[in-house]
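Please take these sequences and the hints and turn them into a complete structure.
Numbering follows the UniProt record's numbering, in which position 316 of the sequence shown is assigned residue number 316; successive positions increment by one, without gaps.
Hints were generated in silico from the structure; no laboratory data involved.
Certain hints may be false.
[To be verified] As a list, the in silico SDA-like pairs of lysine to any residue whose alpha-carbon atoms are at most 25 Å apart:
id: 1; residue 1: K168; residue 2: G209
id: 2; residue 1: K315; residue 2: F75
id: 3; residue 1: K175; residue 2: H253
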Amino acid sequence: MLWQCCQLVIRVSDMSILARPLCSISESFLLIQIETFVDLIVQRTPLREVLNHLSMIKIKLTLNEHLTLFQPEYFDYSEHINAFWYGCDQLGLLDGGYYDGQCLSDAEIECLINHIWQYSQQKEFKRKVSDRCYQARQNRQSLENYIRQLQQQHSRLLVIRVDFGYAKEKQNFVKITDVYRHLDTMNRERDRQPLFEHLVASGWCIEQGNEKGYHIHAFYCFKGSKHQQDWYLAQEIGRLWKAIAVDFGGGYHSCNTPESKEIYERANRLGIGMIHRGNGVGCENMVHALGYLAKPEKDDQYLRMKPKGRRTFGKTQ
Numbered sequence: 001m002l003w004q005c006c007q008l009v010i011r012v013s014d015m016s017i018l019a020r021p022l023c024s025i026s027e028s029f030l031l032i033q034i035e036t037f038v039d040l041i042v043q044r045t046p047l048r049e050v051l052n053h054l055s056m057i058k059i060k061l062t063l064n065e066h067l068t069l070f071q072p073e074y075f076d077y078s079e080h081i082n083a084f085w086y087g088c089d090q091l092g093l094l095d096g097g098y099y100d101g102q103c104l105s106d107a108e109i110e111c112l113i114n115h116i117w118q119y120s121q122q123k124e125f126k127r128k129v130s131d132r133c134y135q136a137r138q139n140r141q142s143l144e145n146y147i148r149q150l151q152q153q154h155s156r157l158l159v160i161r162v163d164f165g166y167a168k169e170k171q172n173f174v175k176i177t178d179v180y181r182h183l184d185t186m187n188r189e190r191d192r193q194p195l196f197e198h199l200v201a202s203g204w205c206i207e208q209g210n211e212k213g214y215h216i217h218a219f220y221c222f223k224g225s226k227h228q229q230d231w232y233l234a235q236e237i238g239r240l241w242k243a244i245a246v247d248f249g250g251g252y253h254s255c256n257t258p259e260s261k262e263i264y265e266r267a268n269r270l271g272i273g274m275i276h277r278g279n280g281v282g283c284e285n286m287v288h289a290l291g292y293l294a295k296p297e298k299d300d301q302y303l304r305m306k307p308k309g310r311r312t313f314g315k316t317q
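This is how it looks when you write it as structure tokens:
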């Protein structure tokens with residue numbers, strides 16, 4: 001499909017709001033911005049609407065910030081991001097030069113759009129989508145089996161659910177490489193800190209959201225015969241993360257506070273805290289609570305860019 005050429009002057013009431021310096025635009029935001037733009041094309045949105053869309057305007061205003069993310073020797077990208085790179089490459093925008101996106105003519109933008117559309121019709125684009133959905137289902141099944149095996153092996157488990165993230169005012173400085181570096185440090189500390197002495201299982205997943213940016217969901221299962229105070233363990237694990245990610249305003253959310261657990265308990269969905277093997281409802285709730293880490297329905301939370309060879313989901317063996 002090719003769009004008809006359309007001469008259109010794009011105007012924004014306050015360009016200063018959008019034209020921010022590189023350091024003030026988060027990597028996560030730039031990637032989601034690209035995805036939004038490409039998705040408009042994939043959904044066959046009329047050309048005039050694409051040109052007028054805020055994502056297109058922002059890409060023009062911050063084109064070079066977007067292009068700095070193109071490092072294929074170090075990173076893998078989602079199908080939408082790859083489609084954008086393909087279009088930019090066809091226009092000669094990936095040769096390392098500096099480009100003023102506002103100087104791109106409507107004809108050049110239309111050409112970019114057409115190249116992106118053509119890429120989106122290739123088998124590789126569609127296969128990446130189906131592969132990601134398949135992998136999410138596999139992760140969910142693997143995690144569910146893992147949890148049920150734990151329940152068979154232990155009569156009592158103290159289950160901790162914690163989310164790790166970054167302060168909103170620091171999000172603009174967080175790169176995906178920082179997230180993996182912090183996670184690696186967290187996992188090394190898990191293997192040597194006395195805090196985790198009676199840990200029997202743990203798992204994590206890295207996600208990317210429009211509001212939260214990069215963040216991590218994690219769980220930790222301790223021997224119920226050795227620990228009872230889940231809120232305290234969750235707090236200490238959260239403090240460890242804050243210390244590791246201090247330069248980026250590391251923060252955490254504990255699902256094990258009395259207030260949070262009370263909400264789940266009222267709904268008969270409490271699957272964290274002390275879980276007894278003989279409590280069928282509690283065990284099923286635990287599967288559901290920890291299964292959130294690999295929930296296939298969270299199809300807008302996947303990483304659009306990750307270091308080569310790295311996983312987005314993992315658990316202790």
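Here is how each hint holds up against the structure:
{"no.": "1", "hint": "K168 x G209", "in the structure": "12 Å, holds"}
{"no.": "2", "hint": "K315 x F75", "in the structure": "22 Å, holds"}
{"no.": "3", "hint": "K175 x H253", "in the structure": "21 Å, holds"}
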